[in-house]
Amino acid sequence: MVTLTIDDKQVSVEKDATIYDAAKAAGVNIPILCHDKKLKPFGACRMCLVEVEQMKGRLIPACTTPVTEGMIVRSSTPPVEKARKLVLELLMLNHPLDCPVCDKGGDCELQNLAYDHKVNSNRLADEKFHHEIDYNNPLIERDQNRCVLCGKCVRICDEIVARGALTFISRGIETTIGTEFDGPLSCEFCGSCISVCPVGALLARPFKFKSRFWAMTKKKSVCGYCGTGCNVTLGVKDNKVLTTVYDENQGFHNGQLCVRGRFGYQFISSDKRLKTPLIRKNDQLVEAGWDEALALVAERLKGAGSAAAALATPRMTNEELVLLKQLMTQQVGSQNIDHSAGYGHAAVSEGLGKSLGVAASSATILDIQKSDLILAIKTDVYETHPVVGFEINMAVKNKGIKLQIISDKRGKLSRLPGANLLLNKPGSDVALLNAVAKVLLDENLAVTPATPELAAALNDFTPEKVAELTGVAADAIRDLARAYAAAEKAIILFTSGLAYPGADAQLAHAAANLAILGGKLGKEGSGILALQEKNNSQGALDVGFVPGQGGLDAQQILAGCSAGSIKTLLIAGENPVVSYPAQAQVKKALDAVEFLVVADLFLTETAQMADVVLPVCSYAEKAGTFTATDRRVQKISAAIPAVGQSKPEFQVYGELISLLGGQPAATQAEAFAQIAAYAGISYAELGEGGAFAAVKLQPVQVVPKVVTVAVDAGKFALLTGAALYHCGTMSLYGEGTVSVCGEAYVEISRNDAAKMNISEGAEVKLTSSTGTVSVKARISPRMSEGVAFAPYHFAEASINTVWSGAAVTGVTISK
Amino acid sequence: MPNPFTPIMQGMKITLGHVFKKPVTLMYPDERPKVAERFRGLHALKVSHNKAKCVACYLCPTVCPAKCITVEAGEDANHDKFAAKYEIDMLRCIFCGYCVEACPVDALKMTGEFELANYRREDFVFTKERLLEKK
Ligand code: SF4
Ligand code: SF4
Ligand code: SF4
Ligand code: SF4
Ligand code: SF4
Ligand code: FES
Chain X
1 MVTLTIDDKQ VSVEKDATIY DAAKAAGVNI PILCHDKKLK PFGACRMCLV
51 EVEQMKGRLI PACTTPVTEG MIVRSSTPPV EKARKLVLEL LMLNHPLDCP
101 VCDKGGDCEL QNLAYDHKVN SNRLADEKFH HEIDYNNPLI ERDQNRCVLC
151 GKCVRICDEI VARGALTFIS RGIETTIGTE FDGPLSCEFC GSCISVCPVG
201 ALLARPFKFK SRFWAMTKKK SVCGYCGTGC NVTLGVKDNK VLTTVYDENQ
251 GFHNGQLCVR GRFGYQFISS DKRLKTPLIR KNDQLVEAGW DEALALVAER
301 LKGAGSAAAA LATPRMTNEE LVLLKQLMTQ QVGSQNIDHS AGYGHAAVSE
351 GLGKSLGVAA SSATILDIQK SDLILAIKTD VYETHPVVGF EINMAVKNKG
401 IKLQIISDKR GKLSRLPGAN LLLNKPGSDV ALLNAVAKVL LDENLAVTPA
451 TPELAAALND FTPEKVAELT GVAADAIRDL ARAYAAAEKA IILFTSGLAY
501 PGADAQLAHA AANLAILGGK LGKEGSGILA LQEKNNSQGA LDVGFVPGQG
551 GLDAQQILAG CSAGSIKTLL IAGENPVVSY PAQAQVKKAL DAVEFLVVAD
601 LFLTETAQMA DVVLPVCSYA EKAGTFTATD RRVQKISAAI PAVGQSKPEF
651 QVYGELISLL GGQPAATQAE AFAQIAAYAG ISYAELGEGG AFAAVKLQPV
701 QVVPKVVTVA VDAGKFALLT GAALYHCGTM SLYGEGTVSV CGEAYVEISR
751 NDAAKMNISE GAEVKLTSST GTVSVKARIS PRMSEGVAFA PYHFAEASIN
801 TVWSGAAVTG VTISK
Chain H
1 MPNPFTPIMQ GMKITLGHVF KKPVTLMYPD ERPKVAERFR GLHALKVSHN
51 KAKCVACYLC PTVCPAKCIT VEAGEDANHD KFAAKYEIDM LRCIFCGYCV
101 EACPVDALKM TGEFELANYR REDFVFTKER LLEKK
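As given, the protein sequences belong to chains X and H, one line each in that order. The first sequence: position 702 = 702 (full-length UniProt numbering), numbered continuously. The second sequence: position 69 = 69 (full-length UniProt numbering), numbered continuously.
There's no promise every hint is true.
What the hints assert, rightly or not - DEER-style ranges, computed between Cβ atoms:
{"#": "1", "chain 1": "H", "residue 1": "G74", "chain 2": "X", "residue 2": "P79", "range": "43 to 49 angstroms"}
{"#": "2", "chain 1": "H", "residue 1": "V63", "chain 2": "X", "residue 2": "P781", "range": "28 to 34 angstroms"}
{"#": "3", "chain 1": "H", "residue 1": "F95", "chain 2": "X", "residue 2": "S637", "range": "48 to 54 angstroms"}
To be verified - Quick partial rundown of chain H residues pointing at chain X, CB under 8 angstroms, derived from the structure:
{"#": "4", "residue": "N3"}
{"#": "5", "residue": "Y58"}
{"#": "6", "residue": "A73"}
{"#": "7", "residue": "V100"}
{"#": "8", "residue": "P104"}
I should point out that these hints are in silico values taken from the structure, not numbers from a laboratory. Even for Gly, the Cβ is constructed at its ideal location relative to N, Cα and C.
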């Protein structure tokens with residue numbers, strides 16, 4: 001600790017603190033413009049100048065100068081004030097000062113500083129900038145005339161996002177922030193640069209001119225897309241969500257969001273939202289009242305027993321899932337309930353459920369930066385959970401944490417400094433993990449001895465044998481095992497969800513075995529973290545929204561519909577026609593089922609087939625809790641009133657329970673109290689950032705079953721997955737995300753493209769044993785030869801016409 | 001005791017004096033008042049280059065104490081900001097003139113127009129078209 005004096009206040013801070021940090025601790029406000037707590041000190045603007053007794057004769061920038069013992073700092077003496085005023089005059093010399101038409105007005109650091117320092121005239125005069133404004137992309141407007149060259153956008157894009165899309169170009173008065181070859185910005189569109197820009201040089205185009213900052217009410221919420229559980233602030237005006245507002249103090253991620261969280265909000269106040277219930281009459285969906293619709297549904301459900309089933313989306317709140325489960329199991333008397341197509345949650349529900357004794361991850365997202373080694377299985381972690389990707393990037397770059405990757409394709413993670421990628425053949429992940437476990441045993445690196453069954457089973461997985469199967473060198477496997485064993489703390493990450501059938505229970509067992517053998521469970525910075533797809537995937541498991549005793553899982557439910565044993569199907573928010581594999585079979589099942597009820601925000605492809613459609617609310621219109629993938633339980637509350645006549649599902653299922661003679665929980669708190677996994681957490685006391693539900697581990701070594709996937713010669717191994725810009729099918733209703741990624745595509749390697757003479761963007765046909773689909777080709781350096789990747793979100797040219805749920809599908813690609 | 005006739009005489013003097021003065025009553029609407037230049041009557045949106053000068057900065061609706069101004073900004077073909085909607089609800093306006101004072105581009109003024117009576121409530125909501133300065 002170092003003790004110093006700032007404006008006559010004594011303060012003790014860590015020895016690596018800067019004067020600015022110390023001043024903050026002492027409650028002294030030093031103005032800053034280019035400094036950001038999330039970024040490394042830069043010292044570009046000189047707003048933070050202070051006087052230091054020991055360094056008389058010049059003014060010292062507080063944000064870059066480390067503290068020393070006994071320093072005497074004065075933050076606002078006449079020379080300091082004079083210097084700051086000059087800095088501002090210089091900054092505004094060429095600045096257009098077009099505040100009336102600048103969207104940043106009212107939230108602008110330059111405005112605020114000019115106001116604080118009473119800079120209402122300029123002693124200097126010069127021409128204003130005349131840079132061309134960049135309108136070349138749909139999301140970010142770049143007006144370099146307003147730029148103050150603080151470099152925050154450049155630094156955040158590099159230090160946190162790891163994209164490096166922006167940089168300083170030219171020199172002196174000509175300096176601007178430029179893009180790659182000064183072309184149109186083509187990046188991840190996470191909007192981080194916009195969020196830190198202190199002026200109006202970078203602006204969100206979807207929000208352009210929509211409202212002044214001060215006219216909006218800021219409502220805190222939790223992002224409704226992926227399982228990371230990022231906190232967001234919604235900007236609300238006239239009962240509409242107009243934008244997301246950056247708050248650097250929000251959440252573990254300090255306000256960082258990905259493109260979906262930042263730009264995918266339009267679905268909430270979209271014109272396409274369903275406004276009234278719809279009932280099929282004469283083969284037409286016609287508008288109806290709630291009473292009529294609910295009475296009809298209740299009548300069908302009454303006494304239906306196991307001829308009824310429900311599929312729910314893990315985007316619903318925990319409390320809604322509790323009620324829907326109660327409705328189905330108690331009032332209707334059916335155990336046929338499931339979510340995420342059944343297999344989408346198997347890695348956690350079955351895999352970790354058996355291996356760890358609890359269907360949850362042992363590690364949290366916070367453990368990533370506290371670890372010594374990160375083992376990421378598949379680079380998709382970055383695409384499915386971008387903010388977790390930022391955490392990994394910061395862990396690697398700022399803390400020197402080692403990054404090991406096992407993946408069937410290259411990706412952004414494998415480009416991080418020092419990342420070691422084991423590029424395996426598609427579908428061979430479990431064998432590869434087994435080989436790593438085998439090395440741990442063979443080289444006596446295991447901390448926990450293997451059970452005889454596991455040891456025997458692993459005998460087949462010597463690195464040499466597996467090398468042949470996976471295409472990864474035996475030595476690389478050994479090195480990975482050694483690195484994993486040598487790290488004191490190591491965390492294993494993998495993605496699970498609808499598009500990742502390969503991330504199944506077997507993969508989870510194999511990964512868990514590594515952690516068990518390596519002794520990496522149950523301590524900080526170590527363990528297993530399954531990154532689940534949806535915002536409440538973990539919650540759906542904690543509530544137990546899975547088939548009960550003798551109940552059918554999602555696939556069996558659909559089969560039951562086709563076979564006629566399921567007569568009434570309630571689909572709450574899922575869109576199986578697009579997101580479940582084997583579209584033809586799903587459609588057949590939904591056609592066959594006698595009575596289909598769909599509760600959704602939109603008239604999705606699935607809802608169009610329904611007999612009754614119930615309009616329900618988005619996360620911005622309801623209260624309840626979501627559980628992030630690391631079992632962080634967070635509370636949301638309504639930011640806007642329900643759109644149209646839509647109702648929160650809590651109310652809908654509550655009313656159905658009442659209609660069927662049951663007693664629903666009256667409040668969210670009451671429903672929450674029924675969730676056994678959250679014993680010890682009080683709904684009322686859940687504050688910002690939520691609370692972690694306890695995970696009690698009872699590790700068991702389970703022998704994973706290895707299924708080798710063979711793709712016929714001459715065919716491509718098609719992998720499915722998620723695109724960075726989307727999550728499930730809901731983001732397809734967010735204009736922002738669609739504007740940068742709106743069409744189905746398939747990624748293939750450069751060599752394959754050259755061989756088949758396919759150019760970027762060309763229409764290609766994918767044909768599998770189940771069907772054919774035409775999509776755009778993307779030529780990507782991350783793919784290996786013979787491997788193709790297609791995201792699954794898009795209804796038009798839906799990939800589930802050729803994909804029937806296998807981890808790897810053999811397809812032919814033709815022009 | 002003072003003379004009881006004195007106050008009466010004084011009163012009569014004033015009354016008689018007025019008989020010979022010019023009358024103050026304005027025979028409205030046959031006669032019309034002269035409105036002072038600084039009078040704060042109906043607003044007008046100034047026009048320049050055949051366009052409203054207003055850039056939809058939202059400052060007047062922000063400052064308006066009666067909260068009677070509604071502005072909605074739009075983006076034109078040149079990506080510039082303009083008032084796609086500009087409305088003042090004259091039933092709520094207190095004619096304080098803050099809006100005029102707040103405008104950073106001098107796009108708003110108050111005219112001498114004071115005859116705002118109307119039959120229906122809706123007619124008191126002045127849209128952008130009605131507010132545009134008449135040349
Ligand atoms: S960036 Fe700030 S100072 Fe510059 S025009 Fe916009 S609001 Fe005004
Ligand atoms: S949007 Fe994100 S990726 Fe794109 S330039 Fe900004 S910070 Fe970088
Ligand atoms: S664009 Fe914004 S964040 Fe980037 S350097 Fe300019 S002022 Fe700073
Ligand atoms: S005159 Fe006053 S009350 Fe009337 S619109 Fe202007 S600011 Fe509002
Ligand atoms: S203050 Fe002036 S420029 Fe701004 S919205 Fe009002 S009239 Fe338009
Ligand atoms: S804030 Fe210190 S130099 Fe910019």
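Which hint numbers doesn't this structure obey? Violated hints: 2, 3, 4 and 7; rest satisfied.
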